[in-house]
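Listed below are the residues making up each chain.
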Amino acid sequence: MTRPFAAAVSADQNWRSAGPDFNRLIAENQRRVLQIAYGVLGNTADAEEVAQETFLRAFRKFPSLREPERVKAWLNRIAFRLALNRQRASRRRAVRDTTWHGDQPASTGDEAARANERLLVEQLREQIAALPERLRDVLQLSLAEGMSAGEVGAALGLPAATIRSRLHSAKKLLLERMK
Amino acid sequence: MSTACTEQRERLLDAALGQQPPVELLAHLRSCPRCAAALAELRGRSERLNSLLPLVAQHAEPSPDFRARVLSAADRRGSKSPLFRRWALAGFAAACVAVAAWLTYAEIDGRREARVVPVERIAHWRAPSDVFLEVAGAQNLRTIPRLGQSIVSVSVTQTTGGLK
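These protein sequence lines are chains A and B, in that order. With the first sequence counted from 1, adding 35 to any position gets you my numbering. With the second sequence counted from 1, adding 105 to any position gets you my numbering.
For the record, the hints were derived by calculation from the structure and aren't laboratory data. A virtual CB, placed ideally from N, CA and C, is assigned to each residue, including glycine. It is possible that some hints are incorrect.
Just the calculated beta-carbon pair ranges, DEER-fashion [unchecked claim]:
no., chain 1, residue 1, chain 2, residue 2, range
1, A, Glu152, B, Glu112, 33 to 41 angstroms
2, A, Pro98, B, Arg181, 15 to 23 angstroms
3, B, Leu131, A, Ser125, 47 to 55 angstroms
4, B, Gln125, A, Gly192, 26 to 34 angstroms
5, A, Ser125, B, Leu194, 23 to 31 angstroms
6, B, Glu146, A, Ser99, 48 to 56 angstroms
7, A, Pro98, B, Leu131, 52 to 60 angstroms
8, A, Ala196, B, Glu146, 53 to 61 angstroms
9, A, Gly192, B, Asn155, 20 to 28 angstroms
10, B, Ser107, A, Asn120, 47 to 55 angstroms
Excised from the complex, chain A in its bound form:
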């Protein structure tokens, strides 16, 4: 008979001593992991599925994931790869999220401004998608909140200086293509 996961985690002292608490791991990383996936996919439902799969993979690896910094880099890398895989698989039926900020009450003027902003973000997303892969990867990963060049580098296996340089090149290209 199997114990419920939450009970298993709290009761299993070996797991506790093997690494950070899984529950806390989700709480501390869910926002960033979701944003990494969303930065690639542009769709909340898909991004949540990717984020969930990322944590389930972490769950399997949990006993061997010890150092918090490496766990973070590992999660970032897995989330990004899963998002890219999903994007490739569903490129034909790509459905962009158009409901964001929709939960906030707004006057007609705000509505128009928000619609315009949404349009600009979508155009920007398309421009990002058209960037060369080595620049796009760096930019997409760095879009998630609080992602430093070092963290992006850790996820991609590149030095922070390379990340900064590629980020600059990516922005330069975007700047040239912006109207």
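Dock chain B against the given chain A, drawing on the hints supplied.
Showing chain B alone in chain A's frame:
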């Protein structure tokens, strides 16, 4: 646009993105109002870009029940422990190896069988019991010893001469 302006294009972009403009660019900007205007316009674009970039990802928030869903999914997946999965995988791999070995053996055996012509098979046929005769002293076993003779062709009288 002059050649000098074209040469400054990269530097203009760098400056628009916040890099310190090099001396050459500053000198060019003093003498070229067109590039100075271009830099101002690029700086405006850069500001817009920097304000839009975070929106590409950062407005996304996990739904309130996200953690509960992950834990529940982990529960479902975790019902089979990693150890169980490892053993199941090992068992499956062993079964695959066994089947592959059997198939390979059957294939080789089938080929060997096919090579032997039926006539040859008959010519070489031997009763399974012949195997037992292929031993030292087999000839002795092919003859029936007479009364008083040993099975190893040594007369009883020779061996038991002393009894006469």
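Which numbered conditions among the earlier hints are violated in the structure presented, ordered from lowest to highest?
8
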